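*Asks:* Just need the whole structure built from these sequences, with the hints factored in.
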Amino acid sequence: MNGSLTRRDFLRVSGTALVGAGALLAVGCGGEGGNGSLKLVFWDNLFELTDRPKSQWFITKAIEKFEDKYPDIEVDRVSQSPDITTYYNQFRAAGMSKEGPDVATLFAGGPAQSFSDFLEPLDQYFNSEEISQLSGWETVRKNFSPNGEIIAAPYGAGSYFEVMYNKELFGKAGIDNVTPPTTWEDFLQFAQEIKATGATPVVIGEQEGYAGAWIMATLVGGQIGTDGFFKMRRRELPIDDQSMIIGYENYRKLYELGLTNEDAGSKTNEQGQQMFIQGEGTMLIQGGWFNQPVVDAMGDNVGNFPIPTLAGALHAGGIAGGPNVALGVTNYSEYKEEVVKFIKFLLQPEIIDMYVKIHGTEPSNNKNADLNAIDNPLLKSQAEWLKAGNTIYPFDNIMPQDINDLFYRMNATVFTGKTSPEAAADRLQQEYSASA
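Last residue of the sequence shown: 436 in the working numbering, with the numbers rising by one and none dropped.
Bear in mind the hints are in silico, worked out from the structure with no lab data behind them.
Because the structure is a prediction, the values reported are computed rather than measured.
One should not assume that every hint holds.
[Stated by the list, open to error] Below, simulated DSS-like cross-link-like pairs (lysine-lysine); rule was C-alpha separation at most 27 Å, straight line:
#1 K357 <-> K344
#2 K367 <-> K357
#3 K357 <-> K167
#4 K142 <-> K344
#5 K142 <-> K167
#6 K357 <-> K380
#7 K195 <-> K231
#8 K380 <-> K344
#9 K336 <-> K380
#10 K367 <-> K380
#11 K387 <-> K344
#12 K341 <-> K65
#13 K387 <-> K195
[Unchecked claim] Pairwise CB distance ranges (calculated):
#14 G389 <-> Y70: 37 to 43 Å
#15 T416 <-> A196: 19 to 25 Å
#16 S420 <-> A196: 26 to 32 Å
Ideal Cβ placement from N, Cα and C applies to all residues, glycine included.
*Replies:* Laid out in structure tokens, this is it:
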């Protein structure tokens, strides 16, 4: 793994400075806290907010509420690196020595799967009614099997991919009432009509290949669904399946047809974001992590609609994205019952609503969520999409990180025509086969 920035990292760093890779390590699991209370060690690399004081963080407020309710339990939150490879190595080393945390935030999906040897199965702690109240369990079942052990608890509905648009520039292009395209083919035609007015349809920075991951999640996932990606992870469906090739062929049309800025292949994603904010293009393809920064910069001049699936797709209209955060209990913790009590407290609808309101990056995954907790208009739109349509959990949330890193590189070269769709899919398959 090379530790490159994944789309989950954008939840933490879009619009802010990247937290340093150095991490504070806790020695040993929980023990006796102050005043004779029991102390749980909590490793957290996902709930920090670098743009505000620690006292205003969601997790700080949540822990305070928990400790007020359970004064005999102290939660010692230890900050960890947001870099997935750094955290992976630390958590694995802690698991092997059995001197890590009692509870930890984890990247849902593939990374959590990588830690399963050190996680306590939670099936015995959650009854069917509690499970039914939350979405996202399929992302934290061992080996992504429908009947697999629950290795962590999903937290928040996650971030979802979208097309953001500049309302003022749409108006200048003669588009007054936005009717979102329902297929990718219609989207390309829509973009060509905008191009004919002299405007740049889509600004993009695809040097890292991140936008390709979001688009491919929709184009490929629309064909095979989340279960298709799960099958790729379980090696039941090859990565070089025709669905992947078709996805790549359609994704690269953005560049082939001249629907992006000419330097899209050499610009970073962050540079593409700034170009959109500065009015250099009518649309931008991003995800929920960018909702707050773009609204802060553009106010009500920005709107959004889902990235459309391919015409005739089996899972037409699917919204790509999903849980980013999970909470896991280490199987070597001496205080599993108390840790589960802490996790269940955090999963209460009013606590997740507080998370939604403070972070502003994703909706709640609790069925009793209060949509009024969402202030951001783009996030409100996404919450409505999720109520109406099926979701597609992305390829790069499911696959191992070394395959994801290669995926991002392949995306960038397919986009600019340096690698063919077939060659990119074959390379991914070869690498995954070699890691078996």
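*Asks:* Now tell me, hint by hint, if it's right for this structure.
*Replies:* Against the structure, the hints come out as follows:
Straight-line distance between C-alpha atoms of K357 and K344 comes to about 19 Å, which keeps the hinted pair within the 27 Å bound. Between K367 and K357 the alpha-carbon distance is near 16 Å, which keeps this suggested pair within the 27 Å criterion. For a cut-off of 27 Å, the pair hint linking K357 to K167 stands: about 25 Å separates their Cα positions. At roughly 20 Å between alpha-carbon atoms, K142 and K344 fall within 27 Å of each other, so this suggested pair holds.
Distance restraint check for K142 and K167: the Cα-Cα separation of roughly 44 Å exceeds the 27 Å cut-off, and the hinted pair is therefore not satisfied. With a C-alpha separation of about 11 Å, the suggested pairing of K357 with K380 holds against the 27 Å cut-off. The straight-line distance between the Cα atoms of K195 and K231 is roughly 39 Å, outside the 27 Å bound, and the hint therefore fails. Between K380 and K344 the CA atoms are separated by roughly 25 Å; this keeps the pair inside 27 Å, and the hint holds.
Note on K336 and K380: the hinted pairing is violated, with a Cα-Cα distance of about 36 Å set against a maximum of 27 Å. Straight-line distance between C-alpha atoms of K367 and K380 comes to about 15 Å, which keeps the hinted pair within the 27 Å bound. Proximity of K387 to K344 is assessed by CA-CA distance (about 24 Å); at most 27 Å being required, the pair is judged to hold. Restraint check: the Cα-Cα separation between K341 and K65 comes to about 13 Å, which is no more than 27 Å; the hinted pair holds.
Of the supplied pair hints, the one linking K387 and K195 is violated, its CA atoms being roughly 33 Å apart against a limit of 27 Å. At roughly 39 Å, the beta carbons of G389 and Y70 sit within the given window of 37 to 43 Å. In this structure the hint that T416 and A196 lie 19 to 25 Å apart at CB holds, the actual value being about 23 Å. For the pair S420 and A196, the supplied restraint of 26 to 32 Å holds, since their beta-carbon distance comes to about 29 Å.
Going through the hint list in order, the structure does not satisfy hints 5, 7, 9 and 13.
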